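Note that the protein sequences, when read in sequence, are chains L and A.
According to the working numbering, the first sequence is numbered sequentially starting from 1.
According to the working numbering, the second sequence is numbered sequentially starting from 275.
The set of hints was computed from the structure by calculation and includes no laboratory data.
Note that this is a predicted model, so its numbers are computed, not measured.
There could be a bad hint or two in this list.
Simulated pairs of lysine-lysine, DSS-like, Cα-Cα distance not exceeding 25 Å [unchecked claim]:
#1 A:K459 - A:K514
#2 A:K295 - L:K137
#3 A:K316 - L:K137
#4 A:K295 - A:K453
#5 A:K459 - A:K480
#6 A:K480 - A:K545
Covered stretches of chain L (chain A as the covering partner; in silico rule of three or more C-beta atoms under 8 Å from a C-beta of chain A) [said to hold, decoys possible]:
#7 97 to 110
#8 126 to 138
#9 157 to 171
Even for Gly, the Cβ is constructed at its ideal location relative to N, Cα and C.
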Amino acid sequence: MVFSKEKSKFYDNLTKTIRRHIVKMTNHAGSGHPGGSLSATELMSVLFFEHMNVDPKNPDWQERDCFFLSKGHCTPVFYSVLAEKGFFPVEELMTFRDVDGRLHGHPCGEHIPGVDISSGSLGQGLSVANGVGLTAKLDGSNRRAYCMIGDGELQEGQVWEAAMTSAHYNLDNVCAIIDWNKIQLDDFVENVKGVKNLGDKFRAFGWHVVEIDGHDINAVNEAYKEAKRTKGRPTAILAHTVKGKGVSFMEDTHDWHGLAPNDEQLEIALKELA
Amino acid sequence: MANLEAPRKGFADALIRLGEKHDNLVVLDADCAKSNMTNLYKNRFPDRFFNIGISECDLVGTAAGMAVAGKVPFANAYANFLTGRAFDQMRISVCYSNNNVKIVGHNAGTSAAQEGATHLPLEDISLMRSLPRMTVIVPADAVEMEKAVEAAYYHDGPIYLRVGKLPVPIVTKKEEPFKIGKAIKYREGSDITIISTGIMLDEALKAVGELEKQGISAELLHIHTIKPIDKEAIIASAAKTKHVITVEEHSIIGGLGSAVAEVLSEDQPAKLRRIGTNDRFGVSGKMDELLDLFELRAHRIVSTTNELLGHRVTN
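So here's chain L without its partners, still in its complex pose (with noise of 0.2 Å):
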C-alpha cells in the first residue's frame, strides 16, 4: 500500500520543513551535524508519524514506544521530528546548542520531552532498546523499541554484543534502523572500517534484514510494517541513504558531517529546500 497523494504531499512538506529546521538550527548554532541529519530526515519522520506510539502531551506514558538516538550526533533530525510531532514548540529549535537551553548538542533523556536515553557515545542506543524489549516481553506489553544507529557506528563493538542479544531473546519488539549513508565523520565507511555485506552480518546474527531506500517514504514506511509483523526475532532496516540528502553541496561528502553552513550557504540551502 503506497501513500496517499494527500500523504505524499504531507511527507513531502514535512521533510522539506525538517529539512529546513536542520540547516538554519546548525547554523544559528555555528556547529552542528546536518549530514547525517538530512540522511535520517525519511526515516525518523514516517517512523514517528506514522508508527511511534507515544504521547507528545504525555512522554513519560509508561506504554509508549521508545526511540533511541543511538547515532547521538543526529540531534538536528531528532529534535526538529520531536517538535514537529509536538513534544515542544518548534519555536525552541532556534535554541540549538545555546548554554542556557536545553536543546544540547547531544541528546539529554532527562530534560528533552521525547528523548528516551542521553546518548552521544556511539554504540550504546541497541542494548538500551534491548532492555525496554525485554521489559515489555516481562510484563505482557506491546509496546516496541526502535533503535537508530549509524552505519560508521557499526565500527562500535557494543552494537554486536546488544545484536547478540536481541536475536537470543527473541525481541520481535525491537528494530534497528541502519542510515546507511556511507559516510564518517574522516571519510567513506569503506575506506576507514568497512560495514560491506551488512544485510549478511544482520542475518548471521540472527536477525530479519529489510533492504530499501531510506528516502523512499513508501520504502520506509512499509519497511516498518514489515518489521512489526516480524515475529520470533529482531528487524535490522537497512536503508540506504545520502549523506546531506537534499542540500546539493552536502550531498555525499564527509565535509559536512560535523560542520555547519553560514550564513551565504544557508541562503542557498534554503532556496533548494523551497
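Given the structure of chain L, go ahead and fit chain A onto it with the hints provided.
Frame of chain L, contents of chain A only:
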C-alpha cells in the same frame, strides 16, 4: 572468634527478600551468576533474571533500558570488568540519563584472591566516585550488605555497590541503623581518627583495641558510603583529634583516602595517612596472604598511628 560469612551471600539473601516484595526488581548478570550468587535469585524468580552473557557494556546498557521501561535493575559482574569496561555506559546510559540502575561490582578487593592482578579490583571505587550522580557503597560484611542492598533498592538513582566473594568476619550488628551517606562511629576517641571502609572495619577495630592498650585513644568512623561522603562526621572528628588515618581495600588513589583528603584539605586541615594499595597491581594469593602482602592489617594501622603521632616505635 567472630562468625565468618561471604558478603555475596548477604547480597543474594537481601535481593531475594526484596524480590518477594517487589516484582519490578530485575537482576542481570554477565555470565557470573554462580560466582556472584545471583543464581539464587534466578532459581527463585526465573522470569526476572537475565544472563546477558560475557558483555559488560551490553549488560549495563540493557539494564539502563529496563530502567527506562520502569524496572529497578541490579546489573552484576566482576567489579573491575564492570567498572573498567562499562564505564562509558554507566556515564552516558545510566548517570547522565539519570536512570535508576544498581551496579553491583563483585569479587571486590582481595576477594578475587588467586585469580591475580587482572581480577583484583583495586581501582573500582575511584572510577565510580568520579561519575556525577553515582552513589558509592562499600559495606563491611554480610550483615551490613543486606542493609545496603535494601537501601539501594529504595534509593531513586544510580548506585555502585561493592560486594566481596570470600567469607569475612561479621563485625556489624543487625540492629545498627543504616543510612546512605551516614558514617557510623564505632569508637569514641580523642588522639586519632581512624576511618575505614568495607571489610577493613575488622582490622580497624582490632587496631583500636591494640592502641587502647598502648594508651592511645582512637576514634573509629566506618564509612560505608564513599559518595556522598559524610563530611560532617569527618570534620567533627578531625577537629577533635587533628590526626586521621584512612584504611581501604583499594588503591589509595581515588578511593576513601582521596575522598577524606578532599574534605580535610578544604574544611578541616589535619595530618593524614592513607592505608590501601599503593599504585600497584595485585598478584595471585589467598585472601589472607594478599591482605598481609598489601599490609592491610591492624598492625599497620597501629604503627602508622604511632608514626603520625610522633611516637617512637621501639620494636
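Hints, verified against the model:
Taken as a hint, the A:K459 and A:K514 pair is honoured in the structure, with Cα atoms around 14 Å apart against an allowance of 25 Å. Using a Cα cut-off of 25 Å, the hinted pair A:K295 and L:K137 holds, with the two alpha carbons roughly 21 Å apart. A C-alpha spacing of about 17 Å is found between A:K316 and L:K137, which places the hinted pair at or below 25 Å, so the restraint holds. Between A:K295 and A:K453 the alpha-carbon distance is near 21 Å, which keeps this suggested pair within the 25 Å criterion.
Between A:K459 and A:K480 the CA atoms are separated by roughly 15 Å; this keeps the pair inside 25 Å, and the hint holds. Restraint check for A:K480 and A:K545: the C-alpha separation of about 22 Å stays at or below 25 Å, so the hint holds. For the region 97 to 110 of chain L, the stated coverage by chain A is satisfied: 3 residues place a CB nearer than 8 Å to a CB of that chain, which reaches the threshold of 3. Proximity of the region 126 to 138 of chain L to chain A, defined as three or more residues with a beta carbon under 8 Å from a beta carbon of that chain, is established by the 12 residues found.
With 8 residues having a beta carbon nearer than 8 Å to a beta carbon of chain A, the region 157 to 171 of chain L meets the requirement of three or more and the stated coverage holds.
Every hint from the earlier list agrees with this structure, and none is contradicted.
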